[in-house]
Structure formats: C-alpha cells, structure tokens
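Build out the structure end to end from the sequences listed, making use of the hints.
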Amino acid sequence: MKRELNEQGFTLIEMLVVLVIITLLATLVGPKLFSKVGSSQVKVAAAQIELLSSSLDTYRLDVGRYPTTEQGLQALRKSPKGVKNWDGPYLSKPVPLDPWGNAYHYKLPGKNEPYALYTLGRDGSEGGEKEDKDQGQF
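Residue numbers (the numbering used here): 416 to 553.
Since the hints were derived computationally from the structure, they do not count as laboratory data.
Here the structure is a predicted model, which means the values were calculated and not measured.
Heads up, the beta-carbon is just placed ideally off N, CA and C, and yes, glycines get one too.
Some hints could be false.
[Said to hold, decoys possible] PhoX-like mimics (lysine-lysine), calculated; alpha carbons at most 20 Å apart, straight line:
id, residue 1, residue 2
1, Lys508, Lys493
2, Lys458, Lys493
3, Lys522, Lys496
4, Lys548, Lys458
5, Lys458, Lys545
6, Lys548, Lys526
7, Lys548, Lys522
[Stated by the list, open to error] Ranges of calculated distance between the beta carbons of each label pair, as one might list FRET restraints:
id, residue 1, residue 2, range
8, Gly539, Asp472, 22 to 32 Å
9, Leu434, Lys458, 47 to 57 Å
10, Ile428, Pro511, 51 to 61 Å
Right, here's the structure in full:
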C-alpha cells in the first residue's frame with residue numbers, strides 16, 4: 416500500500432496565526448460591545464418605569480387614588496384589602512426587578528410628582544453617573 420503525500424491540513428504555525436488574529440479581534444471589538452450593555456440596561460430601566468407608571472395611572476383611574484407606599488407596586492398585581500373598584504391585575508406578569516436585580520422604589524407622594532418611582536442604578540446607592548445614575552421620577 417502506497418500512501419499519498421497530498422494529505423491536506425493545517426500546520427501548527429497556521430493555527431497559531433489564526434488564534435493570534437482572533438485574539439486581536441476580540442481585544443478590539445469586545446470592549447466596544449460590552450460598553451453597550453450598560454446603556455442598554457439604562458434603556459430597559461426607563462422602559463420598565465414607563466410601563467409601571469402607565470399601570471399606576473390605570474390603577475388610579477379605577478380606584479380614585481394611587482396605591483399607598485405600604486401597598487406598593489404589588490397593588491398592581493393583587494387587590495389590596497379594603498380597596499374598592501380594583502379592576503386588575505394591571506400588570507400581566509409579576510412586578511419586574513430593575514436590570515441590576517433590585518426592586519424598584521415606590522413612594523407616595525413624590526417630591527415633584529404625585530408618586531416617586533425610581534431605581535438607584537447599577538451601584539444601588541443614591542446619585543452616580545452613567546449606569547450608576549438614579550433613573551425614574553422623584
């Protein structure tokens with residue numbers, strides 16, 4: 416049996432060159448992609464706050480007032496005791512957590528609005544910039 420020398424394949428050098436190119440691309444493109452994750456989370460938080468605000472306004476139209484601070488956002492899913500004209504649930508799914516895994520803050524009344532509905536951002540503390548900035552209405 417005679418063996419042909421025309422067998423095709425990649426040499427070790429060719430494989431190393433390809434790995435170096437992939438590594439270079441990953442180091443150039445990776446940080447740009449991951450920088451978008453933070454701004455996406457801020458946009459998700461704004462959209463969720465808008466959804467919750469709309470649900471709170473519908474609750475108010477039915478009940479005549481917003482839920483108390485003690486009743487909180489759970490009043491959008493389950494009728495609080497003693498509340499008449501509740502016609503919910505006002506959310507089709509459970510009250511979402513913010514994009515960083517924390518509960519949204521709800522207080523009645525708010526400082527400048529009828530109610531305060533906000534998230535403290537990525538760092539979970541007041542203030543901050545970019546993804547750490549508080550989002551919502553106060």
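Hint check results:
1. Lys508 - Lys493: With Cα atoms ~11 Å apart, Lys508 and Lys493 stay inside 20 Å; holds.
2. Lys458 - Lys493: Violated, at about 27 Å.
3. Lys522 - Lys496: Within the cut-off at roughly 19 Å; holds.
4. Lys548 - Lys458: holds, 12 Å
5. Lys458 - Lys545: holds, 11 Å
6. Lys548 - Lys526: holds, 18 Å
7. Lys548 - Lys522: Within the cut-off at roughly 19 Å; holds.
8. Gly539 - Asp472: 22 to 32 Å: Roughly 27 Å apart at Cβ, these two residues keep to the hinted range, so it holds.
9. Leu434 - Lys458: 47 to 57 Å: Because 36 Å falls outside the window, the suggested range is violated.
10. Ile428 - Pro511: 51 to 61 Å: Distance hint for Ile428, Pro511 holds at roughly 52 Å.
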